[in-house]
Amino acid sequence: MFIVRRFFAWKNGSRFNQYLMAVILSIPLLCFGMIQGWLSPMRRILESSENPIDHPYTKDEYSWAASVTYITAIIVGLPLGYFMDRFGRKIMSLVTISTIMAYWLIKIISLEPSSFIIARAVAGFPCSAVYIIMPCYIKEISDIDLRSAFGSLYILIRNVGYLTSYVLADLLSVYAMLWVGFGVAAVIFLLFLLLPETPEYLIKTGKVDEAKEVLAWLRGINVTDDRLVRDIDTIIYRDKQTTMEAKSTWATIFHDATTRKAFIISWVIKVAQQFDGYLIVLIYASSIFDVAADSVNIKLSANQQVMVVGAVQLVGSMSATALVEKTGTKKLLLGTSFTMGVGMGILSIWFYLTASGWSLPGWIPVLALCLAIISDAAGFQPVSYIVITDMFTFHLRGQVSAFINVCGKGANFIQVKGFHALNQAIGIQSTFLIFALICFGSCLFSIIFFPETRGRSLDEIYKELAGKNKKEDNQNQPQV
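Those letters in the sequence shown? Residues 1 to 480, by our numbering.
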């Protein structure tokens, strides 16, 4: 039915196609990671006489370029859930990649400050879309026991994008780097044309036969396989049941206590992760490395510093996929939110003591910085995305994901714009103490309220949220 099927087919069953699609579907996050990663090493060039347009950017121009992405991300993020349900995961993924191509193309045409700000505004679309569309797409093509691992994968791929930009910006000219970014996005666009839509969306639009073919391809089995027929029937049943109830997303959340609880948990975890100080640690990384250089006699250039940060992010992300399979989402969230709080607490104490005249080793803040970056990348961040897709039905998933992610972008904007004002009001040590308390509070909240989601069906998760017996009372019911 679709081109890729001709190249990958197994008679006895295989989940290779699910792994293949999960990797491909994560690559738009690599593209967005390259967009965000490009900012850090380019700031020194764009604000200096080395700027390729022969006049440097002002700090105000660069500030607007850095923050305008979050403004447009908030604006376009809210309707994305509706558009995703209306036009499908594949179409909206292609639109997302098109905006990534547009971002690079605008800068290739002109690097004037006004053009750069427009390009960054365009980047607001993928800034929301890659975190809303791709997690839903990945969940709906994967088996239940693979979803948590795949959910960690797209944060890993995004951080590969960050590091790619850091390294290439040090090796290539400005315009060569722009063409690389555009070329990667163009190749991914062509690749996405070959991908199938998700079985759940196809059934929602009445394309049951095509949904069977897609699900059979994903599992490497025949379309007449009893397991596939049973799972398709279950998806059809749930689709009809939800259609008969005919409630809007927000009406369902308001009237159904269990769904409302799932929404509150997802929202709290997401917003707490965005306010955990991760962005601010990245902003202060350069200053911390400079202080450390005086103690350990290792002087890194600005680009080398961001490469170290990118490598630390990548190590954390690589740990996430393995850890979520070993520990589950709940233990991973607890452990990483707690260690993130420890890292922020050490930074708070270090800033306080050094401001009081103490002379402390420079490796202490570097260790705390690395602990915070690894903790966020290894669990706190990916779990905040996994939980949104794991705890809602197809009919709620898109719009809930859009709303919660928009709240996250709002948190990002508040931090970037309000950080310096908060520092002036209460001091940087108190600011980092607030971040530490948010992390510890999130850990405590997760202990009390957060359910384990790895390898569990939505029915099992909702039973726990409702306080019912966790034992399976319908063992023959397929889990999809």
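Bear in mind the hints are in silico, worked out from the structure with no lab data behind them. Among these hints, one or two may not hold up.
[To be verified] Below are the EDC-like pairs computed for lysine to aspartate or glutamate, each with C-alpha atoms no more than 20 Å apart in a straight line:
id : residue 1 : residue 2
1  : Lys331    : Glu460
2  : Lys207    : Glu50
3  : Lys330    : Asp145
4  : Lys330    : Glu210
5  : Lys240    : Glu210
6  : Lys331    : Glu210
7  : Lys207    : Asp256
8  : Lys261    : Glu210
9  : Lys90     : Asp145
10 : Lys204    : Asp145
11 : Lys261    : Glu452
12 : Lys331    : Glu464
13 : Lys330    : Asp209
14 : Lys330    : Asp239
15 : Lys326    : Asp209
16 : Lys90     : Asp209
17 : Lys261    : Asp60
18 : Lys326    : Asp143
19 : Lys463    : Glu452
20 : Lys204    : Asp239
Here the structure is a predicted model, which means the values were calculated and not measured.
Structure-based check of each hint:
1. Lys331 x Glu460: holds, 18 Å
2. Lys207 x Glu50: violated, 56 Å
3. Lys330 x Asp145: holds, 15 Å
4. Lys330 x Glu210: Distance of about 36 Å is beyond 20 Å: violated.
5. Lys240 x Glu210: With Cα atoms ~18 Å apart, Lys240 and Glu210 stay inside 20 Å; holds.
6. Lys331 x Glu210: Given that 20 Å is the threshold and the Cα spacing comes to 38 Å, the pair is violated.
7. Lys207 x Asp256: The given pair, whose Cα atoms are some 30 Å apart, is violated under the 20 Å limit.
8. Lys261 x Glu210: Since the Cα atoms of Lys261 and Glu210 sit roughly 35 Å apart, the hinted pair is violated (cutoff 20 Å).
9. Lys90 x Asp145: Given that 20 Å is the threshold and the Cα spacing comes to 23 Å, the pair is violated.
10. Lys204 x Asp145: Roughly 23 Å separates the two Cα atoms, so the pair is violated.
11. Lys261 x Glu452: holds, 14 Å
12. Lys331 x Glu464: holds, 16 Å
13. Lys330 x Asp209: violated, 37 Å
14. Lys330 x Asp239: violated, 29 Å
15. Lys326 x Asp209: violated, 37 Å
16. Lys90 x Asp209: holds, 18 Å
17. Lys261 x Asp60: violated, 42 Å
18. Lys326 x Asp143: OK: Lys326 and Asp143 at ~17 Å, within 20 Å.
19. Lys463 x Glu452: holds, 12 Å
20. Lys204 x Asp239: holds, 7 Å
Consistency with the previously given hints fails for numbers 2, 4, 6, 7, 8, 9, 10, 13, 14, 15, 17, ordered from lowest to highest.
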